[in-house]
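Fit chains V and S to the given chain A structure using the hints.
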Amino acid sequence: MTSATSRGAVLVLGGARSGKSRYAENLVIATGLDRHYLATGRAWDEEMRARIDKHREDRGPLWNTIEEPLDIVPTLEVIDQLDNVVLVDCLTLWVTNLMMEEGRDLRAEFARLAAHAARARARLVFVSNEVGLGIVPENKMAREFRDHAGRLHQMIAEVASEVYFVAAGLPLKMKG
Amino acid sequence: MTSATSRGAVLVLGGARSGKSRYAENLVIATGLDRHYLATGRAWDEEMRARIDKHREDRGPLWNTIEEPLDIVPTLEVIDQLDNVVLVDCLTLWVTNLMMEEGRDLRAEFARLAAHAARARARLVFVSNEVGLGIVPENKMAREFRDHAGRLHQMIAEVASEVYFVAAGLPLKMKG
Amino acid sequence: MTSATSRGAVLVLGGARSGKSRYAENLVIATGLDRHYLATGRAWDEEMRARIDKHREDRGPLWNTIEEPLDIVPTLEVIDQLDNVVLVDCLTLWVTNLMMEEGRDLRAEFARLAAHAARARARLVFVSNEVGLGIVPENKMAREFRDHAGRLHQMIAEVASEVYFVAAGLPLKMKG
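Chains as they are written, first to last, in the working numbering: chain A, 9 to 184; chain V, 9 to 184; chain S, 9 to 184.
One should not assume that every hint holds.
Because identical chains cannot be distinguished in the list, a pair is counted as satisfied if it fits within a single copy or across any two copies.
Here are the simulated lysine to aspartate or glutamate pairs, DMTMM-like style, with alpha carbons at most 20 angstroms apart [what the hints assert, rightly or not]: (1) Lys62 / Glu75; (2) Lys148 / Asp53; (3) Lys148 / Asp91; (4) Lys181 / Glu166; (5) Lys148 / Glu54; (6) Lys62 / Glu33; (7) Lys181 / Glu170; (8) Lys62 / Asp155; (9) Lys181 / Asp113; (10) Lys148 / Glu55; (11) Lys183 / Glu166; (12) Lys183 / Glu54; (13) Lys62 / Glu110; (14) Lys181 / Glu65; (15) Lys62 / Glu76; (16) Lys148 / Glu109; (17) Lys148 / Asp113; (18) Lys148 / Glu110.
Hint data in this document are derived by calculation from the structure and do not stem from the laboratory.
In this text the structure is predicted, and so the values were computed from the model without any measurement.
Extracted from the complex, chain A is given alone in its bound form (with noise of 0.2 angstroms):
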């Protein structure tokens, strides 16, 4: 699925306090390309500014940090270049952010996703919460949330060339 010219796109799932995002990042170092972070965590308030600006200190100098909630993909189309990697953390607070939003259509902007991800010339590695190996939740949005969550890691996950599940810090490979 992935161009000639593309480098695949990278999908890391894990549950909460799976350690992704340090596997993610140490998957980014390792590629000796620029480094780029997309947040797409939204900063409601101080409690939660202070921590975005403490991981964005954690990770140093070398990184790029770039927050953007929604609009993801021009954001990526913007530093679509070889020399770039870009980690996106994570996927399922930006469907959070798309839902809490009126009148976004999620299938399209997850199909944006996808084919941005299949013909990008920048690696682009993706950070996302598994959320589907519970109870069906009682709450209607969380359900919804959780099938959003689903598609959107089937879609992504086809056009990647390395698919990562990871739990306790430990990786399994599913894809690649």
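Same frame as chain A, but now just chains V and S:
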């Protein structure tokens, strides 16, 4: 555990929207055998009825669809022939249906299904939701459901010749 | 990470009713060492008391059972001998017990356990519930529990020589 004449059953586990049913359908198609689809879901209302009919239409005329929410072993016995392959979709809905009936002995039902799976002449492919990997549910019935599903998965996995765990549309082979 | 004299600990992760404890018990038995069972669960009431006693009876007289809900490192130190194997069942109950106590520093407790596991002379087999793969819980304490459990799993996995993920009674080797 499977008899000499048994083809061995297949168990496909996965989360919500993991692509497990599509993966199982492809396994069924690849056998080249006569396809049967045993749907355990109940058409509670018009919307569910429409959804079941839509799925049946999507599978196309090469599938014989049977709807049976409770007595799946007798149903499987009727079509237990060497030239048949049966997709049972899904075990967790069957567990739910059994729990909602008065006076059903779930352990006995599970044992009957595992015994049938171990000696079946038809190729059997079971799809089921892995639901035990989240926080302990506060709801008592949800906890019981989770326990029942986990026990059933262990029993079917023990007699199965192949077991897969599907995430993001990708299979991890756990047995076979 | 393990010292030259350490046998290396084993971590067995899995969901509810995944068969993880039975799998861990078989690992313990296969070592041929003197078996100890460190039960972290608390007997809150008569029913729980009866259940714990039933499990102890099922394991049989070849197991030395120790009940310790909180101070598991001092307990492990007492039986830290080369001819011993200890099944710690389970880490998530230990986390729960620590959270319910006033004034416990969970990060320090986890670090102590990981340090002990890295240098233990006895063979240690830890069982724990993977709880981070469902929807974010609405309950704040459940979210904190999930974060603690995930951090502890990463710390133990890092010093362990073998890590398994069990589903439907079947192990996936993640390390070792």
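Now the hints, each set against the structure:
1. Lys62 / Glu75: within (14 angstroms within a copy, 41 angstroms between copies)
2. Lys148 / Asp53: Answer is between: at 17 angstroms across copies they meet the 20 angstroms cutoff, but 26 angstroms inside does not.
3. Lys148 / Asp91: Answer is neither; intra-copy 43 angstroms and inter-copy 42 angstroms both fail.
4. Lys181 / Glu166: both (14 angstroms within a copy, 18 angstroms between copies)
5. Lys148 / Glu54: between (29 angstroms within a copy, 19 angstroms between copies)
6. Lys62 / Glu33: Close inside one copy (16 angstroms), not across copies (43 angstroms); limit 20 angstroms.
7. Lys181 / Glu170: Both, since 8 angstroms and 17 angstroms are each at most 20 angstroms.
8. Lys62 / Asp155: This pair counts as between: shortest inter-copy Cα distance 18 angstroms, intra-copy 32 angstroms.
9. Lys181 / Asp113: neither (31 angstroms within a copy, 35 angstroms between copies)
10. Lys148 / Glu55: between (28 angstroms within a copy, 16 angstroms between copies)
11. Lys183 / Glu166: This pair counts as within: shortest intra-copy Cα distance 9 angstroms, inter-copy 24 angstroms.
12. Lys183 / Glu54: neither (39 angstroms within a copy, 40 angstroms between copies)
13. Lys62 / Glu110: Cα proximity of Lys62 and Glu110: none, with 31 angstroms in one copy and 28 angstroms across.
14. Lys181 / Glu65: Result: close neither inside a copy nor across copies, 30 angstroms intra and 35 angstroms inter.
15. Lys62 / Glu76: within (17 angstroms within a copy, 38 angstroms between copies)
16. Lys148 / Glu109: within (17 angstroms within a copy, 25 angstroms between copies)
17. Lys148 / Asp113: within (18 angstroms within a copy, 31 angstroms between copies)
18. Lys148 / Glu110: Intra 17 angstroms, inter 28 angstroms, cutoff 20 angstroms: intra-copy only.
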